[in-house]
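Asker: Since the structure of chain C is already known, use the hints to place chain S on it.
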Amino acid sequence: MTLPTLNLLPILPQVILVVAGLSVLLLDAAISHSSTSKRLLPWIALVALVGAGVAAVWLGMQPGEPMAFQEMVVADGYAMVFSIVVLIAAVLGVLLARDTVPQISDQLGSYYALLLLAVAGMTIMGGALDLIVVFLALEIFSLALYILVGFNRAEPRSAEASLKYFLLGAFASGFFLYGVALVYGSTATTKLAAIGQTLAGQASATGIGGDPLVLYAGIALLIIGFGFKIAIVPFHMWTPDAYQGAPTAVTGFMSAATKAAAFAALVRLFVAAFPASQDVWSWALAILAALTMTLGNLAALRQQSLKRMLAYSSIAHAGYALVGLVPGTSEGASAILFYLFVYAFMNLGAFAVVLMLERLGEDDVLQGEFAGLAQRQPALAATMGVFMFSLAGVPPLAGFFAKFFVFSAAMADGWVWLVVIGVVNSVISAFYYLYITVQMYFREPVEPEPMHRLPEPSSRRARARAHATAAGAAGSNGPAGTPAGAAALASSPVALYVGIALAALGTILIGIWPALWADWIAQAVQRVLGS
Amino acid sequence: MLLSLPLLSIIIFLPVAGSLVLLLLRGQRALKSVALVVSLLTFLVSLPLFFLWQAGESGFQFEEVWPWVPQLGISYHVAVDGISLPLFLLTTFLMPLTLLFSWDTVKLQLKTYLILMLLLETAMLGVFAALDLVLFFVFFEASLIPMYFLIGRWGGPRRVYAALKFFLYTATGSAFLLAAIIALGVLHRAETGVLSFDLLDLYAIGLPANVQVWLFFAFAIAFAVKVPIFPFHTWLPDAHVEAPTGGSVILAGILLKMGTYGYVRFSLPLFPDPTVRFVPLFAVLAIIGILYGGLVALAQKDVKRLVAYSSVAHLGFVVLGIFSLQPQGVSGSVLQMLNHGLSTGGLFLLVGFLYERRHTRMLDDFGGLWKIMPIYAAIFLITALSSAGLPGLNGFVGEFTILTGTMVANVTYAVLGTLGIIIAAWYLLWAFRKVFQGPLNNPANTGLKDLNLREVVIMAPLVLMFFVIGLFPNLFLDKINPSVEALLTRVNQQGQVQAMSEAEHAAVDGAVLADDLVSLVAR
Numbered sequence: 001m002t003l004p005t006l007n008l009l010p011i012l013p014q015v016i017l018v019v020a021g022l023s024v025l026l027l028d029a030a031i032s033h034s035s036t037s038k039r040l041l042p043w044i045a046l047v048a049l050v051g052a053g054v055a056a057v058w059l060g061m062q063p064g065e066p067m068a069f070q071e072m073v074v075a076d077g078y079a080m081v082f083s084i085v086v087l088i089a090a091v092l093g094v095l096l097a098r099d100t101v102p103q104i105s106d107q108l109g110s111y112y113a114l115l116l117l118a119v120a121g122m123t124i125m126g127g128a129l130d131l132i133v134v135f136l137a138l139e140i141f142s143l144a145l146y147i148l149v150g151f152n153r154a155e156p157r158s159a160e161a162s163l164k165y166f167l168l169g170a171f172a173s174g175f176f177l178y179g180v181a182l183v184y185g186s187t188a189t190t191k192l193a194a195i196g197q198t199l200a201g202q203a204s205a206t207g208i209g210g211d212p213l214v215l216y217a218g219i220a221l222l223i224i225g226f227g228f229k230i231a232i233v234p235f236h237m238w239t240p241d242a243y244q245g246a247p248t249a250v251t252g253f254m255s256a257a258t259k260a261a262a263f264a265a266l267v268r269l270f271v272a273a274f275p276a277s278q279d280v281w282s283w284a285l286a287i288l289a290a291l292t293m294t295l296g297n298l299a300a301l302r303q304q305s306l307k308r309m310l311a312y313s314s315i316a317h318a319g320y321a322l323v324g325l326v327p328g329t330s331e332g333a334s335a336i337l338f339y340l341f342v343y344a345f346m347n348l349g350a351f352a353v354v355l356m357l358e359r360l361g362e363d364d365v366l367q368g369e370f371a372g373l374a375q376r377q378p379a380l381a382a383t384m385g386v387f388m389f390s391l392a393g394v395p396p397l398a399g400f401f402a403k404f405f406v407f408s409a410a411m412a413d414g415w416v417w418l419v420v421i422g423v424v425n426s427v428i429s430a431f432y433y434l435y436i437t438v439q440m441y442f443r444e445p446v447e448p449e450p451m452h453r454l455p456e457p458s459s460r461r462a463r464a465r466a467h468a469t470a471a472g473a474a475g476s477n478g479p480a481g482t483p484a485g486a487a488a489l490a491s492s493p494v495a496l497y498v499g500i501a502l503a504a505l506g507t508i509l510i511g512i513w514p515a516l517w518a519d520w521i522a523q524a525v526q527r528v529l530g531s
Numbered sequence: 001m002l003l004s005l006p007l008l009s010i011i012i013f014l015p016v017a018g019s020l021v022l023l024l025l026r027g028q029r030a031l032k033s034v035a036l037v038v039s040l041l042t043f044l045v046s047l048p049l050f051f052l053w054q055a056g057e058s059g060f061q062f063e064e065v066w067p068w069v070p071q072l073g074i075s076y077h078v079a080v081d082g083i084s085l086p087l088f089l090l091t092t093f094l095m096p097l098t099l100l101f102s103w104d105t106v107k108l109q110l111k112t113y114l115i116l117m118l119l120l121e122t123a124m125l126g127v128f129a130a131l132d133l134v135l136f137f138v139f140f141e142a143s144l145i146p147m148y149f150l151i152g153r154w155g156g157p158r159r160v161y162a163a164l165k166f167f168l169y170t171a172t173g174s175a176f177l178l179a180a181i182i183a184l185g186v187l188h189r190a191e192t193g194v195l196s197f198d199l200l201d202l203y204a205i206g207l208p209a210n211v212q213v214w215l216f217f218a219f220a221i222a223f224a225v226k227v228p229i230f231p232f233h234t235w236l237p238d239a240h241v242e243a244p245t246g247g248s249v250i251l252a253g254i255l256l257k258m259g260t261y262g263y264v265r266f267s268l269p270l271f272p273d274p275t276v277r278f279v280p281l282f283a284v285l286a287i288i289g290i291l292y293g294g295l296v297a298l299a300q301k302d303v304k305r306l307v308a309y310s311s312v313a314h315l316g317f318v319v320l321g322i323f324s325l326q327p328q329g330v331s332g333s334v335l336q337m338l339n340h341g342l343s344t345g346g347l348f349l350l351v352g353f354l355y356e357r358r359h360t361r362m363l364d365d366f367g368g369l370w371k372i373m374p375i376y377a378a379i380f381l382i383t384a385l386s387s388a389g390l391p392g393l394n395g396f397v398g399e400f401t402i403l404t405g406t407m408v409a410n411v412t413y414a415v416l417g418t419l420g421i422i423i424a425a426w427y428l429l430w431a432f433r434k435v436f437q438g439p440l441n442n443p444a445n446t447g448l449k450d451l452n453l454r455e456v457v458i459m460a461p462l463v464l465m466f467f468v469i470g471l472f473p474n475l476f477l478d479k480i481n482p483s484v485e486a487l488l489t490r491v492n493q494q495g496q497v498q499a500m501s502e503a504e505h506a507a508v509d510g511a512v513l514a515d516d517l518v519s520l521v522a523r
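From first to last, the protein sequence lines are chains C and S.
All the letters of the first sequence, read from the start, carry residue numbers 1 to 531 under the working numbering.
All the letters of the second sequence, read from the start, carry residue numbers 1 to 523 under the working numbering.
Quick caveat, the hints were computed from the structure, so don't treat them as lab data.
You may find that some hints are simply not true.
Derived lysine to aspartate or glutamate pairs resembling DMTMM-like cross-links, with alpha carbons at most 25 angstroms apart [what the hints assert, rightly or not]:
id: 1; chain 1: S; residue 1: K107; chain 2: S; residue 2: E356
id: 2; chain 1: S; residue 1: K107; chain 2: S; residue 2: D450
id: 3; chain 1: S; residue 1: K107; chain 2: C; residue 2: E444
id: 4; chain 1: S; residue 1: K434; chain 2: S; residue 2: D365
id: 5; chain 1: S; residue 1: K165; chain 2: C; residue 2: E444
id: 6; chain 1: S; residue 1: K434; chain 2: S; residue 2: E356
id: 7; chain 1: C; residue 1: K38; chain 2: C; residue 2: D106
id: 8; chain 1: S; residue 1: K111; chain 2: C; residue 2: E444
None of the values given here were measured: they were computed from a predicted structure.
Pulled out of the complex, with its shape left as it was, chain C reads as follows (with noise of 0.2 angstroms):
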């Protein structure tokens, strides 16, 4: 027996995330009473994510596609895309969390030493070519963010948040064991190509793929561990709760980039190792994108609470990624990418929208709260605005181009119903999305209540607060450079603008030029699952 041979090389990104995860937590431990170094932190984490960026790129484009673990992981230039878009929503969460995570705890280290590890995981999802390999990578991001959704420890609904969401995800986790096991009972191996490989000899010998009971047993469990990561009606009961309980950097993050995780191996899994049973998923895919859709924006019609609405509106936006999936073709598997890449900027930028609420002392952001946004501060309405007309899917803003293309690739292999489906979901969607808009321009500011809710003496957050609003009542009434104005000043969120800057600089530049990307996007896919 000899030794493989270990090659660290492929994995360059995820050594440098995973580094850079561990130093973060060292080194919080090292300075913990010094607050000026504290703010150091997030800018190491941002750092890592762009020499992981960098280094994912470089590999990308290496010729021969270097694998490692006896072609368990590979760096090529789909797994290039997938971290990309990881790491874009990574960014993004590191510039929400930077203004937002200390109000609520002092732990700053292991926040970021969690995220980093878990878009460490997620990374890996697009480069695994064997199911052990998806297995730990899910693993290895549903753990750290089963702690990041309960970080915020004196909010109970932050726990119940986590637990829910750790429960459910073992369960799913389960599931897709099982669904692994089966699979590997009907073809003897894991590795991807290779269940390929025997599906397609077998099917050519005996017309059907394998042993079709154990197999399609197998499809169907993979398929319900994964519709839990993304968020698949009928396994998303848990992304309200999940959703609206963690902290809304976490939120913002993980609904970006878990999906795009999850989506990579799911694609490359159906794509590359069951072509031979296609005619069967395609069906039940096509079914669950329908059904998410639907569900999704019925339900996010209903909310009040601006999280949860954006928690359903993600359940919806699995499901028209999911569409891309339905006829299993690399043209579907690009669509799917773009459709994360714009993802990542228009629903991060809506969070952060949201956490730029919060902060301003409005709690649990409800919907009427956005009342006469545009009168009180018309850039961050016009922001809201540019991601909520995104979302929606209006020309000539990002998220038309991404519902577009899913469309597009469906329509090309004959699915006609599910892309009227998809259309017709677009305006249902339309309402929600278009009500924001309402409240932030066609309402008048509501003064706000005077505080009937004291601010509970343990909560950090309430007291941070209670301080902003009488800072900013204090800055309305005196002019600026008083002392009440500038330490209103001095917490000025500059991460979080910049976040939102750039998510609305990303939301409108791809809809104006969606060629640019989406054309690296097709070839990088191309090359590696073919035509």
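Answerer: Using the frame of chain C, we list chain S on its own:
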């Protein structure tokens, strides 16, 4: 030649550039002046389109093609022909007038208002110039956002309801349009191996008749909501009544034409088969629109509502003319789109003047204004008569040509349509009598001032155009006719030649007809 310049792109994107400049400016006066100058500049730059036009040419002119999303075969392809030119110019012509109207009337958030107006202009110009279906859709949908905000922010008491209704009705229609556009691109690939959404490429593929029917209706619903064709019209009165005057002018003057233009530009040539088959359906709906719109207008107490319903009736005429599938009918419809933009735009402006003075639009609140506002009354009368189709003014030429075309195709339709002209004259003159004639017995009206210079300047170009088109319709018709004939040749070649057989003999050349009109008017 100027042709080496990307003239169309300059015109289309000049307003966007202007809106970016506005972002940096402060001060009401500076904002207003820059917006007005930008829109005037856009108009001036668009004039060469008219004067450098290659007469007798049926194809597209001033064409520009750039790849946009090459992997999906989407291109930035703009050009104008005789069908789009009038609407393109109408847009650049109406916009400065609308901004001039807003000079003193919009105070609230002026900057945003002006930026939205300029963005809207770009979207509308793009709609009329786009030859790539995706590009068209992008502009078509993008025009919703500014108008949504214009109604919802600067509108009347029920503005939010009206804005949402406007957006959601139109977006629902467009959803089917989008699915159909994607299907067309995919069908193109099935036949030729490459995706393309270019209208001229799509001409080349032969669509099976049953596929055509589905796509035809997907397109037709989107455009029917926009026009609006009965029974999809219910958003229109709400949107019009609640919109600020500037919004109403643009909405009635230009946005509605996107629907009728869509039928001529896309539905007819792409789906000739179902077009010919479903002529009766659209003719009947158009006639219902004409009669229903007219009768409901007659019952209105609010002048703005009255003008809004008159739009339903007038656009019914346009649809009737289009689905006559006769050269004169379609040419008349294209001309009538221009006419309706001018005269209904003018009526909304006039109603706006009155509303600014009295803050009411109820017919019963007025009477005898002729005595104290003679200039206003005279302009109102001319505009109303233009709208009602008095010979010598523009409306007559359009309606007459449409009815001639319809007559050739089907006498019954033409007779029923003619009833609409009588109703139109009835409600417009009735409104005129209520407002201007009779005793001046409402004390609130006695202090009303006549139009000031700015207001006369706004109306003068419109009144001038009523006469120019009324007396010299060939200025436009000889640009419209060749393109329309080429279009109908395509429809007839492709479609089943059923309604057309006897029509061929009776067909009169549109230019000849227009000459007859001129002599008729001169006599």
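Asker: For every hint, state whether the structure bears it out.
Answerer: Tested hints:
1. K107(S) x E356(S): OK: K107(S) and E356(S) at ~12 angstroms, within 25 angstroms.
2. K107(S) x D450(S): This hinted pair holds, its Cα atoms lying about 22 angstroms apart.
3. K107(S) x E444(C): Holds, at roughly 17 angstroms.
4. K434(S) x D365(S): holds (9 angstroms)
5. K165(S) x E444(C): holds (20 angstroms)
6. K434(S) x E356(S): At roughly 19 angstroms apart (the allowed maximum being 25 angstroms), E356(S) and K434(S) satisfy the hint.
7. K38(C) x D106(C): OK: K38(C) and D106(C) at ~9 angstroms, within 25 angstroms.
8. K111(S) x E444(C): Holds - the C-alpha atoms of E444(C) and K111(S) are around 18 angstroms apart, at most 25 angstroms.
Violated hints are absent here; each numbered hint is respected by the structure.
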